[in-house]
Amino acid sequence: MINLFLNIIKESNSIKKKLIFLVRIANIIGILGISIFFQFIVSNISSLEQWNLFFVIGWIFSFSFIFIIILLNSKIQLLYHDSNENQLINQKKDCINNNKAFSMMFILYIVFFLGSSDYLFAFLFSSWIFNKFGEFSWRLYNSLYFIFIISEFLGSWIAYNLSDKLDKRKLIFVGFSSYIFIMISLTVSNFLLLIILNSFLFLIGSICTFTYTSFVSDISKNEKYKTFKYQLLHTYQSLARIVFIPLGFFLYFFITVENIITVSTFLFGISAIFIISTFLFNKE
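Using numbering that gives the first Met the number 0, the first residue of the sequence shown is number 0, and each one after it goes up by one.
Honestly, the hints are just simulated from the structure, not real lab data.
Don't take every hint at face value.
Unchecked claim - The following label-pair restraints were derived from C-beta to C-beta distances:
#, residue 1, residue 2, range
1, Trp58, Gln230, 21 to 27 Å
2, Ile269, Ser102, 14 to 20 Å
3, Ile146, Ser126, 18 to 24 Å
4, Ile241, Phe39, 31 to 37 Å
5, Trp58, Phe253, 35 to 41 Å
6, Leu143, Pro245, 27 to 33 Å
All C-beta atoms in this analysis are idealised placements derived from N, C-alpha and C, irrespective of residue type, glycine included.
Just need the whole structure built from these sequences, with the hints factored in.
Here it is, written out as structure tokens:
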């Protein structure tokens, strides 16, 4: 499917934006659907039976969707095979011009890896809210999760409309700089302000992720091993989970969650410096 996507977006930048936007929206709808489904199935978090039912139904739906996607993918690839042959002729010419852009993309990979350092406190955040604001606020926070989903949707919509009007690197830099300010504010906020700030974090994160995906698509579509490089450039989040989640729990033995958030903010600051370095490259 990725190879098909990279071939299709060569035809039009508008198609690229629409496809990325649709994928983002599908992801958001999936998260929202799972959250609502969880609220209906698991009414008692201590009930092992309810948890088992939730996961069994989830696996059934997952395997069904995977099977449908495999069938659709094989049919679409057959239909698109002929048009791909004509595009291979011009591919080598485009690859030469992409070496500098791919080097810049590697720097942005580091930027987004460091920008995913919020995983340091991601799995501690809920318990931190419980300990700081109490059980009622914790339950209210979980029930208001749909607000964050809406914020993520708005972020994708904003990025969809701005991706061609602004330099992508500038958009990412502004997003990361705003993220730093908001994360610092989280540590001293009351509960209402925390909800508002967290909504902005979801919105800004969605804008940056959309912009990064658009950037990666532009770079990878003319590369020799485009599918591999596209997937490789999207591994930053998986790598960040492997590194930052265990590190966050380790740090929690020695420092508070507020201080862990501060550490994450420092890493965001380093990533902002890396973003500035990308402006040394010539614009494409």
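Status of each hint after checking the structure:
Taking 21 to 27 Å as the suggested C-beta distance range, the pair tryptophan 58 and glutamine 230 conforms, at roughly 24 Å. The hinted window of 14 to 20 Å between isoleucine 269 and serine 102 holds, with their beta carbons roughly 19 Å apart. At roughly 20 Å, the beta carbons of isoleucine 146 and serine 126 sit within the given window of 18 to 24 Å. Judged by the Cβ atoms, the range 31 to 37 Å given for isoleucine 241 and phenylalanine 39 holds: they are separated by roughly 32 Å.
Taken as a hint, the range 35 to 41 Å holds for the pair tryptophan 58 and phenylalanine 253, whose Cβ atoms sit roughly 38 Å apart. Checked against the given bound of 27 to 33 Å, the beta carbons of leucine 143 and proline 245, roughly 29 Å apart, stay inside it.
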